[in-house]
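Just so we're aligned, residue 215 is where the sequence shown starts under the numbering used here, counting upward by one.
Read the hints as simulated data drawn from the structure, not as lab findings.
Keep in mind that a hint or two might mislead.
As the list claims (entries may be wrong) - Per label pair, the in silico range of CB-to-CB distance:
{"hint": "1", "residue 1": "Gln-302", "residue 2": "Asp-238", "range": "26 to 36 Å"}
{"hint": "2", "residue 1": "Arg-327", "residue 2": "Pro-256", "range": "33 to 43 Å"}
{"hint": "3", "residue 1": "Arg-287", "residue 2": "Arg-253", "range": "51 to 61 Å"}
{"hint": "4", "residue 1": "Asp-330", "residue 2": "Arg-287", "range": "23 to 33 Å"}
{"hint": "5", "residue 1": "Ser-246", "residue 2": "Gln-373", "range": "14 to 24 Å"}
{"hint": "6", "residue 1": "Arg-252", "residue 2": "Ala-374", "range": "18 to 28 Å"}
{"hint": "7", "residue 1": "Ser-246", "residue 2": "Arg-327", "range": "41 to 51 Å"}
{"hint": "8", "residue 1": "Ala-374", "residue 2": "Arg-287", "range": "34 to 44 Å"}
{"hint": "9", "residue 1": "Leu-219", "residue 2": "Ile-257", "range": "26 to 36 Å"}
Beta carbons are placed, not taken as given, at the ideal position from N, Cα and C, and that holds for glycine.
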Amino acid sequence: MPPKLPDPRYIDQPIEGALYPTPDGVILLVGSAPPSLRRSAPIARGTLFVRYGIPLNVRGGGVVIPGLFVSERGAILTGRTAWNFIQQHFQMYPRADVIGLGDQGNKVAVWLRELDFGARLRAFVYRSPADHAPLAEPAGLVRGDFAPALPPLLENTLQAASLR
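Turn these sequences into a full structure, and let the hints steer you where they fit.
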């Protein structure tokens, strides 16, 4: 009998911030709110958790937030270890399985070769690490005054948003 697979573990990066709706989509604000947002009600505020998705390179698109890597030979990795391995060795294990979450919180299982490593990563914000469905996929990032240092992966994933 094959071994039982562990539960997926996702990269959850905590960040103090707020999500605001704008005409161009939801933005993630870190630091104090600029004047243009001070009268707006945030969707969520406080400690939020960011996860990262890799777009699919298949018909219909979609995204996978990786939580578990299983090679065709049975090697199993989760969490940050799985993320780093996938990023560094995706060409060597095209038949490996990647199990994770879709952009709506649905469970997804794909082959590693179905992930589009040439596309920009997507960031999703959650209220808690236990949540499966995201609060939002921010369209951009606003750094207000007194913004803390951001995780490099977040800075490389979300582009700066301009507020009108």
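Now the hints, each set against the structure:
no.	hint	in the structure
1	Gln-302 <-> Asp-238: 26 to 36 Å	34 Å, holds
2	Arg-327 <-> Pro-256: 33 to 43 Å	39 Å, holds
3	Arg-287 <-> Arg-253: 51 to 61 Å	57 Å, holds
4	Asp-330 <-> Arg-287: 23 to 33 Å	24 Å, holds
5	Ser-246 <-> Gln-373: 14 to 24 Å	21 Å, holds
6	Arg-252 <-> Ala-374: 18 to 28 Å	19 Å, holds
7	Ser-246 <-> Arg-327: 41 to 51 Å	44 Å, holds
8	Ala-374 <-> Arg-287: 34 to 44 Å	43 Å, holds
9	Leu-219 <-> Ile-257: 26 to 36 Å	34 Å, holds
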